[in-house]
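> Turn these sequences into a full structure, and let the hints guide you.
Protein chains in written order, with the working numbering: chain H, 1 to 312; chain C, 1 to 453; chain G, 1 to 302.
Rather than coming from a laboratory, the hints here were simulated on the basis of the structure.
Just so we're clear, the structure is a prediction, and the values are computed from it rather than from any experiment.
Treat the hints with care, as some may be off.
Claimed, not checked - Quick list of simulated restraints, FRET-style, between CB atoms:
1. C:S132 / H:F71: 52 to 62 Å
2. C:A65 / H:G92: 35 to 45 Å
3. G:N79 / C:T236: 50 to 60 Å
4. G:F58 / H:A296: 35 to 45 Å
5. H:D203 / G:V48: 30 to 40 Å
6. C:V39 / G:Q248: 16 to 26 Å
7. H:R64 / C:N35: 31 to 41 Å
Here a beta-carbon is modelled for each residue, glycine too, at the ideal position from N, C-alpha and C.
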Amino acid sequence: MTITKPANPPAAKASPQPDRQTDRGSLRALWYLVPALLVFALFLFYPLGRSVFLSFQGSDLFGRPSGFVGFDQYTRLFTDSGFWNVMWVTLGFTVLTVVPSIAIALALALLLHQKIRGIRFFRTAFALPFAYSVATASVIFGVMFNQATGVLNGMLAFFGLDRVGWLTDPAWALLSVSLATVWMQLGYNLLVLSAGLGAVSDDVVEAARLDGAHGWRMQRSIIMPLLTPQLFFLLVTGTIHALQSFGQIHILTKGGPQDSTTTLVYSIYEQAFANNNSNFGYASAQAVVLLIIVVAVSAIQFGVLERKVFYR
Amino acid sequence: MAAAGAAALALTLSACGGPGSAGAGDAPAADALENADGVTVVNFWHSMDGTNGETLNKLITDFNAANEGKIEVKGVYQGDYDTTITKYKAAVQSNSTPSMVQIYDIGTQFMIDSGAVMPTQTFIDRDEYDVSDLQPNIAGYYSINDELWSMPFNTSMPVMYYNKTLFEAAGLDPEKAPETLAEVGEAANKLSKTNGGPAEFGFNAAIYGWLLEQEIAANGALYCSPDNGRSGERVTDYSFNNDTAVEFVDWWKGLVETGVAGNTGRATADAQNAFKSGTIGITLESTGALGGMQKAAEEQGFELGVGFYPKIEQNDSGPIIGGASLWVSDEGHSDAEKEAAWQFMQYLAEPATQATWHTGTGYFPISKAALDEPEDVAWREQYPQFDVAVQQLEGTELTAATQGCSAGSMPQARKAAEDALEGALLGGDSKAELTESVEALKTEVENYNNSVQ
Amino acid sequence: MSRTATAAATRSGDARPVRGTLAARKRQRRPLTLGRVLTYAALTLGAVVVLFPVYFGFVGSFMGPADINAYPASLWPFNGFRVENFTGALDSIPLGRQYMNSVVMAGLITLGQIVTSLLAAYALVFLKVRGRVFWFALFLCSMMVPAEAIIIPNYLTMSSAGLINTIPALVLPFLAHGFGIFLLRQAFLSFPVELWEAARIDGAGHMRFLLSVLVPLSKPTLAALGIWSFLSAWNMYFWPLLVTQTPQMQTIQIGITQLRSADNFNAGLVLAGTVLAIIPTLLLVIFGQRFIVRGLTAGSIK
Chain H
1 MTITKPANPP AAKASPQPDR QTDRGSLRAL WYLVPALLVF ALFLFYPLGR
51 SVFLSFQGSD LFGRPSGFVG FDQYTRLFTD SGFWNVMWVT LGFTVLTVVP
101 SIAIALALAL LLHQKIRGIR FFRTAFALPF AYSVATASVI FGVMFNQATG
151 VLNGMLAFFG LDRVGWLTDP AWALLSVSLA TVWMQLGYNL LVLSAGLGAV
201 SDDVVEAARL DGAHGWRMQR SIIMPLLTPQ LFFLLVTGTI HALQSFGQIH
251 ILTKGGPQDS TTTLVYSIYE QAFANNNSNF GYASAQAVVL LIIVVAVSAI
301 QFGVLERKVF YR
Chain C
1 MAAAGAAALA LTLSACGGPG SAGAGDAPAA DALENADGVT VVNFWHSMDG
51 TNGETLNKLI TDFNAANEGK IEVKGVYQGD YDTTITKYKA AVQSNSTPSM
101 VQIYDIGTQF MIDSGAVMPT QTFIDRDEYD VSDLQPNIAG YYSINDELWS
151 MPFNTSMPVM YYNKTLFEAA GLDPEKAPET LAEVGEAANK LSKTNGGPAE
201 FGFNAAIYGW LLEQEIAANG ALYCSPDNGR SGERVTDYSF NNDTAVEFVD
251 WWKGLVETGV AGNTGRATAD AQNAFKSGTI GITLESTGAL GGMQKAAEEQ
301 GFELGVGFYP KIEQNDSGPI IGGASLWVSD EGHSDAEKEA AWQFMQYLAE
351 PATQATWHTG TGYFPISKAA LDEPEDVAWR EQYPQFDVAV QQLEGTELTA
401 ATQGCSAGSM PQARKAAEDA LEGALLGGDS KAELTESVEA LKTEVENYNN
451 SVQ
Chain G
1 MSRTATAAAT RSGDARPVRG TLAARKRQRR PLTLGRVLTY AALTLGAVVV
51 LFPVYFGFVG SFMGPADINA YPASLWPFNG FRVENFTGAL DSIPLGRQYM
101 NSVVMAGLIT LGQIVTSLLA AYALVFLKVR GRVFWFALFL CSMMVPAEAI
151 IIPNYLTMSS AGLINTIPAL VLPFLAHGFG IFLLRQAFLS FPVELWEAAR
201 IDGAGHMRFL LSVLVPLSKP TLAALGIWSF LSAWNMYFWP LLVTQTPQMQ
251 TIQIGITQLR SADNFNAGLV LAGTVLAIIP TLLLVIFGQR FIVRGLTAGS
301 IK
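Following this line, the structure appears as structure tokens:
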């Protein structure tokens, strides 16, 4: 799935529940789980095992497993300077998308949280990017970023500035792709933070006001701490989301120039499906690395929320 | 699952050998199609879109109309060449190959090694089909050990496109196209805005590995060894870091660094569009783009010039006859289907069809006689730009260099060469970048050769 | 409008805005202070930047090559509105068919997720399913697995089953999702156990209890899950890219990227394609914003 990696709520309230086990037909109960388990077994757990299996295999001309090669694919991975470049790009892309998209959304959410005229217009305006899928947004940004005929360079010309190789200059490409991604992500982050702000009780605000808190101080010391769960949620899901990004890179840069936008997911695609490669073994080793990273990030979240969500 | 089972069953049956059946690799009986019941469907995967796709669809419709009740060709656009070969590979794994597929030139060796296709030569031998009408330079590319593996279809050569209107504005002679790299560079300098010229950029071309392959061939040098893989031995090494390549890349890099050339990246569409917008002096592209270029030039109000692909210096060599060819799938397809595909291939190779194809797309006709068709003659009189490709082809001697490199790992090699070209244009050292890519390909070549042994 | 409204909408599931209090409206009429001017300035700047791609995407879709390729840039179709961009886009790709593909795919995935989640969540909460903690942990863990890490085996599975380029290939892997199970489990947990006892006295079986009591009670959660899964599926890119081959089977997301092929020198036509593709979601965001908020933030607020 592409738009939002779901996660458990940061603030699930624990309420005492009576014992609900009122039926003895335990075996029959299993049938209720069968549909979901069947899907998971076929398209989640089996492929998970097969990914790991493939990562210990070579690949023949058609990508079919050609025999056990031990840790060869991993050795190749960790000694390949290209792979380390991929990891740096992945980290860079994650930081460049997650941090700005949360920071800007927070600033906008706080501004929008005021009772001023015309706020409705701004709310709708900032939510609009949300209507764009990764594919549509990327196509539009691709047209705008075009080095020779794009509108961005065309506007720089108004100011007498030189063209920028938005997607063709390795110094710019990652920034440009990140910029497009921040734009796509902004609407969602804003909605989450606005909803969080909306839930801040008027009483709290009123009490603070009576204590003499106003303006920026009110925002910083009263409201922002109350947003911590939302901010944490966005940080974790945003990171996972960034790690999984594919469409914008495939559409805008195909991982170039000079591999400056080849993230881990894109690299998996390239090794497995592009340029007549079919290096399923090598790509699977990278997939396993991706899996480990994402599980680790998710585990942080679960660690923090474990008690709140799991045992009730 | 069911389909795979049926295919397996069909294979078993044909292996048992009834009348008219054939084992893998043998040509189907000539009457296989006549004995088939109903309409035989030919699924045909291709990579032709835009104007080229429209022209191809027209040819398919005509063929279907002429064979109504017997053969129905279903053309399916699969995406660009890279995508099509990747999808074909996946189809081989899952026994769901189409009857016929269009594969780019550099996928030739891979297709042969795949073992999934039937050489066109088997049909040619069976029918004693007359191949003398095929352009020898074109057939040369797809012949390995004197066997024609696939039927050439859309052949293109690279040419140089230039904007005559801008040439005039820059005080250059629009009727005299520059021919060597030095001349092109000189013209680009005069054209470009940085030197007070009328064009945004004097020169701009896509960072496309194909252009480097062409330049190497155009100067009679080899892309891979031994002998570009044309002497019956497998390719063991690439040589696109030779002096010819370095000189070409250095030349291009120089133009970029002085701001005379733009850099629109790797996408050929972007480079084409930049030129079509009328702000670029000179570009390098395939003849296959001529139709679209001509249309855009009329729309944007500039005059289009076409010249030979520039060489380092004049010589008898020339660019490679590239493009794509048609392959018939073997395993999992009935004799009638193969026969029907062969019929369709023959139709596409006919002089009249090729004339329509040539005039509709700019792709070079594979049939010599197509150039004498009245339709073609009249059209070339109207658009003399299209004659440039004909002259260029006729002026090219068929050698290992101009046949191009035939190696299974060519798609990867093109990507590696592109990496190097891009690295150099962005400031790297040409020789070092190219050598690095050549070195990196050694494992790739070894892996490939091991996997086909 | 006011934060009370947002809070009410998000908490109770009421999509209608609540009018601001009298006091709140009084406060709105305070004189223009420097802080207020700065707020407007910041909001306006933000809106211009955020809205520019939206603006250009629309206006550019009416531009011919002379405008869209202009240097310096042209921000309006000065050389005439080119409506042919839209007909051209419709001629280049089977957009209607691709729309249908997207709708069918996203619809089936949504339906599938709702059904599998309802059943599983019911088993976890109301039935004495053996190893409840284990199953729940398993579902939670399933949410951690990124689809991209298992995309190669899934692709190979589809390929060897001969399902490439079919609707089942697009849909099957997504018919269940740990998130849906989790969301419904939380909702079910909030219902008192007496509900089931009462139903049982009325002679209802499990299935009837689930369908006629729990489903109506869980409507807000189901709506949230429905929106979330529909939009996620609608926006998918990587998987449909791999498993579809023909324009006839591609989803709209893949279709519009195909408009960028070499012969389509006119970027206006490409933008026209994106306009056609986003109309439904755009309307949803403009007119159903409050409705959508719940679905999309379902993971964050509860």
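> Evaluate each hint against the coordinates.
Quick rundown of the hints versus the structure:
1. C:S132 / H:F71: 52 to 62 Å: The hinted range 52 to 62 Å holds for C:S132 and H:F71, with Cβ atoms some 57 Å apart.
2. C:A65 / H:G92: 35 to 45 Å: The hint (35 to 45 Å, Cβ to Cβ) is violated, given that C:A65 and H:G92 are roughly 57 Å apart.
3. G:N79 / C:T236: 50 to 60 Å: holds (57 Å)
4. G:F58 / H:A296: 35 to 45 Å: holds (42 Å)
5. H:D203 / G:V48: 30 to 40 Å: With a Cβ separation near 36 Å, H:D203 and G:V48 satisfy 30 to 40 Å, so the hint holds.
6. C:V39 / G:Q248: 16 to 26 Å: holds (20 Å)
7. H:R64 / C:N35: 31 to 41 Å: Holds, since H:R64 and C:N35 (Cβ atoms, about 35 Å apart) stay within the stated range.
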